[in-house]
Every structure is written in structure tokens, then in C-alpha cells.
Amino acid sequence: MNFLLINFFLISILLITTFFIFKSTSLIGIVALTGAFTLVCAAIYVNLDAVDVAFTEAAVGSGISTILMVMAVAKLPEGKIKPLVNLFPSLIISVCIVIILMVIISNLPLLGDPNAPIHLHVTPEYIKESESFFHIPNVVTNILASYRGFDTLGETIVIFTAGLGVIALLTGNTLNRKTKFTKKLKK
Amino acid sequence: MQEKISTSPIFNIVSRILFAPIIIFGLYVQFHGDYGPGGGFQAGVIIAAAFILYSMIFGLKNGETLVPVKINRYLMCVGVLLYAGVGLVSLFLNGKYLDYNVLSSDPSGGQHLGIILVELGVGITVATVMIALYHSFASFGDSND
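These protein sequence lines map, in sequence, to chains A and B. Using the working numbering, read the first sequence as starting at 12 and increasing by one per residue. Using the working numbering, read the second sequence as starting at 13 and increasing by one per residue.
By construction, these hints were calculated from the structure, which means they are not laboratory data. None of these values were measured; they are calculated from a predicted model. Certain hints may be false.
Unchecked claim - Heads up, incomplete: computed chain A residues facing chain B, CB under 8 Å, no partners named:
| id | residue |
| --- | --- |
| 1 | 15 |
| 2 | 145 |
| 3 | 155 |
| 4 | 157 |
| 5 | 161 |
| 6 | 181 |
| 7 | 182 |
Said to hold, decoys possible - Derived pair list, reagent style DSS-like, types lysine-lysine, alpha-carbon separation capped at 30 Å:
| id | chain 1 | residue 1 | chain 2 | residue 2 |
| --- | --- | --- | --- | --- |
| 8 | A | 34 | A | 86 |
| 9 | B | 73 | A | 86 |
| 10 | A | 34 | A | 93 |
| 11 | B | 108 | A | 86 |
| 12 | A | 139 | B | 82 |
| 13 | A | 139 | A | 91 |
Unchecked claim - Which stretches of chain B does chain A cover? Using the computed rule of at least three CB atoms under 8 Å from a CB of chain A, they are:
| id | stretch |
| --- | --- |
| 14 | 23-36 |
| 15 | 55-62 |
Ideal Cβ positions, reconstructed from N, Cα and C, are used throughout, including at glycine.
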């Protein structure tokens, strides 16, 4: 009962935040509200006992990405606010997506159902043998670093590549070189 | 573009007080990830947050003297190489790639060692990439005005 009440409360906060993100016209306000949105998401994950996911969501989603978005917004030139003109097409698309999602949700297994397909594949093995084999109580760490070591290596390389890409695009001589190139073209 | 440096004493003192505890919390998350929630990704982000806070309050120039760009870029590679290196070491010890069982005399100890090293690699890469992202975002547009 408590679980349901807390979930209901958090999801209504999510809806309110979404409404204000939609209403807001200032970019920095949207960034701040998105940070609040992911923080509430983190609270929902805690309520669902997914502490690791909640931790990541709070640290990455509402921490670092908000800061980076603020930095990106600060670099943008100031523009005029354009009012939304024709809402009708987007309304139709949203209603369609809501209907599709509702149909999908009705086909999903119930929350916490032990017979759901996702809980029957490899998860029982991981939960049964990991503590006695690794002597590490956090199953998530075992799966992340050992059972799925290749995946995590890939993720690390993805982050590394993303960093390299941003460095190459935003710093160094890339921009200057481009302007020199365009100057040559103009001549 | 002249960089804005916060002169407010509140920001100044609060960030001075918070800097060390944030890093300690990040290290706790890093090395306690086996027993509680957390791990390399989260720890890296938290440690990066401390340095980003520092460069937000005291300016990008001071932030770049604290974490020099060159060292930061080397550390980005060190994290990935540490992760991949653990895999190579287990390959040389007649195991499979990223099979930590062979790293120590008993499989469980080897797994423990491997997981800690791998998480450390992830943590280093994530922290330095986040700092590099912030620094390149913050310095963007300053040089070619």
C-alpha cells in the first residue's frame, strides 16, 4: 500500500514537471526542470529497489548532464522566443503514441511477477551462484564487471570515444582550421 | 570573452568546504561498490563533480591548473588501457580474455582483484572524460573571438 502511495505521489510530480517543461519558454528553466525530472526518476527507482540504477540516474542524469546542458545553453546566442503555432499535428502524434504505449503496457507482465520472462532466463543462476562464488554481496557489481565484462569494456570505450569526439570538435585547432579553409575558399 | 569568476563569499567558502568530502565520497563509492550500491561509473561522475565545482567557482584557468589538460587526456587513456590490460593479463595467464579466475591463486580472490581493477579503470576514464567535457564546453568560443 505504502509502495503504491509513494509511487503515485512521485509519478504525479513527474507529470507536473513534464507539464512545466512543456510550458516553459526559457532554455535554462527547461534544463533545470529536466534535472528535477531525472531526480524524481531516481526516487522512483529507489522505490522499486533498484538502488544502483537510481544512483547512476542521480549522479549522471541530474548531476553531470544538467551541468553540461547549462554550459551548452550558456554558450548559445540569445534568440527570440517563438510561440508554438500549430499544435494539431503534434497532438495527434502524442495521442497515437499514448494509445500504442497503453496497448503495450497491457501486454507486459505485472511488476515484480516472478514468472516474467526476464526473471527466468539467466537471472536465477546469477542470484544463486554469484555470492557463494565471488564472495561479493552486490550482484549488480558481479554482473557488471565479471559476467558482462565485455559489455562494460564496450561502455567504457564508448564514453572514452565520446570524450575524444567532444575534445576534437570543441577545442584545439579544429575550428581555426575550418575558418582558414573557408577563408581560402572565399579568396 | 572574459571569464566570469564568482566573487560571492558564500560560493567560495561552501565549495572549499565541500571539495574534499565529495572526493572522499567518490572514493567510498568506488571501493565500496562491491558491498553496496555504486561502482566505477557513479564514482567517476562524483569525483568529476568535485573538480567541475572547483572550476565553476574559481574559474576555468584555476581548474586547468588543478587538472592540467594534458594529464587529464593521458588519464582518459589510462583508464581504458587498465581495463583492457586486465583482460590481456588474464589472457597471458592461460585464461580467457577478461576471465579473472586466473589472476590470483584461488578463483574467488582473482575475481575480487579483477573486479576492483576493472572498476578502477572505469572510474578513471569516466571521471577524466567528464572533466574534459566540462573544460572543452567551458573554453569553447573563448579562443576564436
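- Message: Three residues or more, CB to CB closer than 8 Å: is that satisfied between the stretch 23-36 of chain B and chain A?
- Response: violated (count 0)
- Item | residue 155 of chain A as an interface hint toward chain B, with CB separation required under 8 Å | holds (6 Å)
- Message: So if I understand the rule, the pair passes when the alpha-carbon distance is 30 Å or less; does residue 34 of chain A with residue 93 of chain A pass?
- Response: Judged against 30 Å, a Cα distance of about 13 Å means the pair holds.
- Query: Do the numbers back the hint for residue 145 of chain A, that is, is its least Cβ distance to chain B under 8 Å?
  - Reply: holds (5 Å)
- Distance restraint between residue 73 of chain B and residue 86 of chain A, which requires alpha-carbon spacing of 30 Å or less: Since the Cα atoms of residue 73 of chain B and residue 86 of chain A sit roughly 18 Å apart, the hinted pair holds (cutoff 30 Å).
- Query: Does the nearest C-beta of chain B fall within a distance shorter than 8 Å of the C-beta of residue 182 of chain A?
  - Reply: Since the shortest Cβ distance to chain B is 5 Å, the answer is holds.
- Message: Restraint: residue 161 of chain A near chain B, CB-CB cut 8 Å. Satisfied or not?
- Response: It holds, given that the least Cβ distance between residue 161 of chain A and chain B is near 6 Å, below 8 Å.
- Message: Can you confirm whether the C-alpha distance between residue 139 of chain A and residue 91 of chain A stays at or below 30 Å?
- Response: At roughly 59 Å apart (the allowed maximum being 30 Å), residue 91 of chain A and residue 139 of chain A break the hint.
- Task: Sort out whether residue 82 of chain B lies within 30 Å of residue 139 of chain A, counting only the CA atoms.
- Result: violated (46 Å)
- Restraint check for residue 34 of chain A with residue 86 of chain A, where alpha carbons must lie at most 30 Å apart: holds (23 Å)
- Restraint satisfaction for residue 157 of chain A [CB to CB of chain B, less than 8 Å]: At about 6 Å, which falls below the 8 Å cut-off, the nearest Cβ of chain B leaves the hint on residue 157 of chain A intact, so it holds.
- Message: Take the shortest C-beta to C-beta distance between residue 181 of chain A and chain B; is it under 8 Å?
- Response: holds (4 Å)
In this structure, the hints that do not hold are numbers 1, 11, 12, 13, 14, in rising order.
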